[in-house]
Every structure is written in C-alpha cells, then in structure tokens.
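K.L.:
My request is simple: use the sequences and hints to build the entire structure.
2 protein chains.
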Amino acid sequence: MTNVIANPDVTRYQQPLCSCPTAATDPALEALVREIIGRVADKWTMIVLEVLAEHGALRFSQLGERIAGVSQKMLTKTLRQMEADGLVLRTVFPVIPPRVEYVLTDLGQSLGAAFCGVWIWAEQNRQSIMTARAAFRAREAAD
Amino acid sequence: MTNVIANPDVTRYQQPLCSCPTAATDPALEALVREIIGRVADKWTMIVLEVLAEHGALRFSQLGERIAGVSQKMLTKTLRQMEADGLVLRTVFPVIPPRVEYVLTDLGQSLGAAFCGVWIWAEQNRQSIMTARAAFRAREAAD
DNA sequence: TCCATCACTCTCCTTGCGGTCAGTATGGCA
DNA sequence: TGCCATACTGACCGCAAGGAGAGTGATGGA
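Residue numbers (the working numbering), protein chains in the order written: chain S, 1 to 143; chain Y, 1 to 143.
Hint data in this document are derived by calculation from the structure and do not stem from the laboratory.
Keep in mind that a hint or two might mislead.
Where chains are identical, the list cannot tell them apart; a pair therefore holds if satisfied intra-copy or between any two copies.
The calculated lysine to aspartate or glutamate pairs, modelled on EDC-like cross-linking and capped at a C-alpha distance of 20 Å, are [said to hold, decoys possible]:
#1 Lys77 - Glu140
#2 Lys77 - Glu123
#3 Lys73 - Glu140
P.N.:
Shown next as structure tokens:
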C-alpha cells in the first residue's frame, strides 16, 4: 500500500453526516450501513424491492418477466441475498413443476420506505445534477 | 440474451414503492435515482461525503489522511465524479506546490441529509438483519 | 415415448473495477 | 545543483462481478 495515504490517529466521527444522532458514532454500525446501502443499491435489489412492493407475491418467472434484463443467475442471487437479509420471504410449493413465491417481509417494506427520502431528493434535485453535469462537461471541454 | 427472461408489454409503475407519489412513474427518473444511489453507495463517495460534512473544506491530502485505505487514484476519481455531479466544489489555488480544496456544495449536503433515512433504518433494523442472517445460515446449514 | 414446464445450477468467458507503482510540473530551500 | 512537496495522471495487472448458454430433475399431458 505504498500509494495509499497513511491514516494517522485521527479522532473521527465527531459530527454526524446528518441529523441522525447516533449514525456515525459507531464504526461497526457504519460498516453495516455501508454494506446495506451497497447491497440495496446494487443493480437488481432495488428493482426487486420495487417490483415486489408493487405486485405483492410473485413467482420467480414473474419477477423475471417484470425486470427487464436480469439473467436468471443474477435474479437467483439477488433473491437469495435478500432472503438471507430478511427482506423477502421465499415460499417453495412442493409441486411439479416447481413453484416458488417471493413476498416482501415487513423489513423489506420498511427498507423501501426508507429509501423514499433518496428518491425524493433525486427527484427534487434532478435538474441541479443535470445542470452540474452539463457545466462540468463544458468546463473540461474548454480545458 | 437467451437466458434473459423476456420482458413482455407490462404496465409497470402503477404503485409507487413508498409514499413518494411521483418517484416510480418516470423511467428516466428511476434510472437517475438508481444511478445516484449506486454512485453514492460506492465504496468511497459516501465516506467523502461524510468526511467533508464533518470537516468542511479539506485539501486532497487531508482527505486522503482521513479516509483509511483510499488510493490516490480512487480518491481523485471519486472527487472528480462528485464534482461533475455538483456534490463538491473544487478550488485550485495556483501556488506551488499545488493546493486544491474540496467543500460540499448545498447539493452535496442535502444528499447526505437524504441518506439519513437509510442510516436510521439500518440502525433501527440492525438486529433484525443480524437475526435474519443467522437464521438463514442455520437453515442452509441444515440443508 | 417424448416433450414442455419451472426454478434453478453450472461452466465458461469477457469486462471493468480498483490496486500498485512510476512519472510529471514547478518553485522554494539547503 | 539537487531535493522536496503536492496533486495529480497513466501504464500495468489481478481478480471478481456478471452475462451467455447449457444442463437438471420430476412429472403431467399429447
């Protein structure tokens, strides 16, 4: 790690990022939050969350139909991950051909609701971001 | 795309994910939200957001000191990205050796605040997730 | 007998992320 | 005459994410 800037003995986490008082005080929680955000933010988890919130219980293939572009591999992986985190409930009906249903748990629903704030932010600041991007492109084009 | 499940002519986005009324109605907005969440959720952006929210204006090397494990390359890249999106303001002082300062813009600050809800969710549901993970591991260990 | 169904699972294989390290420009200082 | 500091940039390289496509297993229906 020669190029990595050495991390001195800093006293961090003094002021929280936002108004949530305890969020930034505990490094372990911070790691969890980052992990969860990273997980939820991935390409498919959020879409699954959305589709399930919208439709209620869905089978594997129904989810696949409603999520454009997922490969079966990624859909399986995403759902397993969400199941492991307690975000979805997976119900296997022992019939042939197999039938598996997925529903959001309360935890999954509440996560969707929590991301609401970010949706609203994005919606409200959409124009600002577009403008900033255009300005940045203009600046770098002008070297 | 043989393995990808075909996306039929579904009428989607009828019910929003949460209480935000217009969030899920516009595919373009949805893409933007996903992009932004994905961007913020990446390994470094959120930490930069946090550190800058905490310390105010910081120089490149000061940021590097306060963010354990960043390579210069990734710090540069992250900051450029955030600058392009209008989240940070980059000020170059034409002195030698060079001096560059980074501050959060209002947009950057508000994004941090928006993610507050997710932090709170994570904090509140930390135990549920831990429990769910343990239960899942137990289930799959029992095959 | 053969095929379709469903929900995976497995094996490639490519792409891109991110880390390491080396280089660059410029002027003050020893 | 070197050397150092600062904020990068660029080449190289390894690894892991993720897509393509095929295989699987049990059974009901033609």
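K.L.:
Each hint: holds or not?
P.N.:
Hints versus structure:
no.	hint	verdict
1	Lys77 - Glu140	between (40 Å within a copy, 15 Å between copies)
2	Lys77 - Glu123	neither (30 Å within a copy, 25 Å between copies)
3	Lys73 - Glu140	between (40 Å within a copy, 19 Å between copies)
The earlier numbered hint that this structure contradicts is number 2, and it is the only one.
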